[in-house]
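From just these sequences and the hints, can you work out the full model?
Residue numbers (this note's numbering), protein chains in the order written: chain A, 1 to 134; chain B, 1 to 134; chain C, 1 to 134; chain D, 1 to 134; chain E, 1 to 134; chain F, 1 to 134.
Because identical chains cannot be distinguished in the list, a pair is counted as satisfied if it fits within a single copy or across any two copies.
Below, a list of computed lysine to aspartate or glutamate pairs in the DMTMM-like style, where the Cα atoms sit at most 20 Å apart:
no.: 1; residue 1: Lys33; residue 2: Glu66
no.: 2; residue 1: Lys56; residue 2: Glu131
no.: 3; residue 1: Lys56; residue 2: Glu26
no.: 4; residue 1: Lys2; residue 2: Asp55
no.: 5; residue 1: Lys56; residue 2: Glu66
no.: 6; residue 1: Lys2; residue 2: Glu47
no.: 7; residue 1: Lys33; residue 2: Asp80
no.: 8; residue 1: Lys33; residue 2: Asp68
no.: 9; residue 1: Lys56; residue 2: Glu20
no.: 10; residue 1: Lys2; residue 2: Glu123
no.: 11; residue 1: Lys56; residue 2: Glu25
no.: 12; residue 1: Lys2; residue 2: Asp63
no.: 13; residue 1: Lys56; residue 2: Glu115
no.: 14; residue 1: Lys2; residue 2: Glu66
no.: 15; residue 1: Lys56; residue 2: Glu24
no.: 16; residue 1: Lys33; residue 2: Glu20
no.: 17; residue 1: Lys33; residue 2: Glu74
no.: 18; residue 1: Lys33; residue 2: Asp63
no.: 19; residue 1: Lys2; residue 2: Glu53
The set of hints was computed from the structure by calculation and includes no laboratory data.
Number of protein chains: 6
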Amino acid sequence: MKANLGRRYRLSASHRLHSERLSEEENRAVYGKCANPHGHGHNYTVEVLVGGEIDKGTGMVIDLVELDACVQREVLQPFDHENLNTLTAFANRVPTTENLCIEIEQRLRRALRPELSLTVRVEETSNNFFEYRG
Amino acid sequence: MKANLGRRYRLSASHRLHSERLSEEENRAVYGKCANPHGHGHNYTVEVLVGGEIDKGTGMVIDLVELDACVQREVLQPFDHENLNTLTAFANRVPTTENLCIEIEQRLRRALRPELSLTVRVEETSNNFFEYRG
Amino acid sequence: MKANLGRRYRLSASHRLHSERLSEEENRAVYGKCANPHGHGHNYTVEVLVGGEIDKGTGMVIDLVELDACVQREVLQPFDHENLNTLTAFANRVPTTENLCIEIEQRLRRALRPELSLTVRVEETSNNFFEYRG
Amino acid sequence: MKANLGRRYRLSASHRLHSERLSEEENRAVYGKCANPHGHGHNYTVEVLVGGEIDKGTGMVIDLVELDACVQREVLQPFDHENLNTLTAFANRVPTTENLCIEIEQRLRRALRPELSLTVRVEETSNNFFEYRG
Amino acid sequence: MKANLGRRYRLSASHRLHSERLSEEENRAVYGKCANPHGHGHNYTVEVLVGGEIDKGTGMVIDLVELDACVQREVLQPFDHENLNTLTAFANRVPTTENLCIEIEQRLRRALRPELSLTVRVEETSNNFFEYRG
Amino acid sequence: MKANLGRRYRLSASHRLHSERLSEEENRAVYGKCANPHGHGHNYTVEVLVGGEIDKGTGMVIDLVELDACVQREVLQPFDHENLNTLTAFANRVPTTENLCIEIEQRLRRALRPELSLTVRVEETSNNFFEYRG
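Structure (structure tokens):
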């Protein structure tokens, strides 16, 4: 029997939306206030949805201690309380929340057992969220 | 790479659930207090889920200024602070939240580029919501 | 030892903000879209804060069954799924949430034992609330 | 036209995570504090997602009075304010929220008309939830 | 300049409401389903409101690392994932949330510097909370 | 009759906690990850609580259009989508949320009629908030 476990983590970070492929004017048109040169920030909620067989012995889809350690190492340690624009992961990509979502999914995908399904959802504000399934 | 963007909008409206195809007694049985002749109201939360390719240049699924303008014109302007029963859209349909959800999806579907996927979810109260994917 | 118990109740109602003391133009200036003639609606959250001595025997400030019955009779039965403008309580007052809050406080104040303190808070939307302490 | 209705219910219960298939040490390793012998508890939110055709006459996917009665009888009456470990349903299964979710889905599946689709989601805490679709 | 800092902590525990000063019938009348012999449980949210002068050097009311360590030691370690009825703190008092709230306030009051003001608020469910100021 | 109106606004900003009165080591000890040189960010919720007489004519404590314009001009325009450390308001103060809360209160206090009472509450994350009453 397969079920999904969803688990929420929180991280605070700053970013500035600015693309080197666009002119200053285009940046302002596309990103509005998000292009302000000094950056701004968010409390991101990262929701990790893991699907798999329920283990007959434990009654669980995945060991939560293992999942928490994985998210701590792959997501919270590198991104929490950082300026996303200064990280290698976003050296060649604008740190939009779409791209943050994909980056998180790819890091967790490599770390989790392949038989588990994975969807990542990142809430940027209480009105905005993004989802990615690899 | 495809991702989903979810964005929430809020509108307040009143409605009365009453079907001309049903007798007074049947209306009361089906809709309970929602059939009260003077109507009642809700704060609806409209969650629009738009899926599409992430633009390499901007790192975004859809330009938010464009999406907001579209929802403003197609949904908030016609429905916010209105009595749904008095609107043309519900002249021949009971303004249940199921039907409101479909009406909103159809208006946005016509307005958005066809390569974008679309799901609309309307929260009627903190305990009730409806989803429609055309 | 004195403590406060807070308990939340929910009701859905419609209203139209329109004062007979103001001209049509003034009504529109003061209330904006809330003056639309067909009315609109809200899911109100009513938070009742009751303060008093903790009973040594039961360990409780007030019996919840008693409080629920009181709120049911004095608040939910008369106001839930109604159009506030059609009720006697608002025959001579605009049904703003300020006035709804006071009306609820006065009804509960008469019904509760006088040694209990009482504050009523009404959430109109997720961004707006009102508080009244008699 | 098919739509989904989601409806939330709440129940409070206690449980202890402890598997007879595991040694005391393994139980502690797998379940951590959740294996404490005296148990602990949660406010569970049960979200029932029912999909089906919108009835042309009523404009509704399912009669809410009928759905509420069904959930009351099949879920809230047997599980609310109980210790899950003492119930027959969990005599041979650890009462993890994964297993609670499946148990609820199976009870509702038997009770609802077969043409309706059904997904059950149980929130264990504000950071944890589980989903099951039979 | 004085300001308040509010900080939320979460704990899961089980309890049974049953007073030795009351007969079986009275217990059932006062506590309803909460008197079930096997107990039930909640996710409690503990909100600690600490008031004091803002330190000119740090710009803070209280060092958060210090506050977190204090709450961890005085509240989460003894109460999280426990059955409240089995603890010494509730040997002679019914573990209502009113009494839990007072117990938490008293433990923190002894641990915090006396010039800081303190109010404790415990949310038992999304509809119920209790407040105590010593 | 006096009542309180509470209204919530949202802003996103970045900050770095770092005091020039402290050594590098002390800064790290006091602020932890919040002292990271590149800064990080938050979605702040600003709750403005305004108390006053209910106007007999309008049934309102304060005109919401006027309040919104005031908060837009005094708070959202200067602080939203900015890096707080770069603003004049925080040239000589660490931009802790305590200090942001006081700064917002002082700006609104000067702008609102003196007979209105005012309390400002700023939520920094879902677990942390600050309150100031001038």
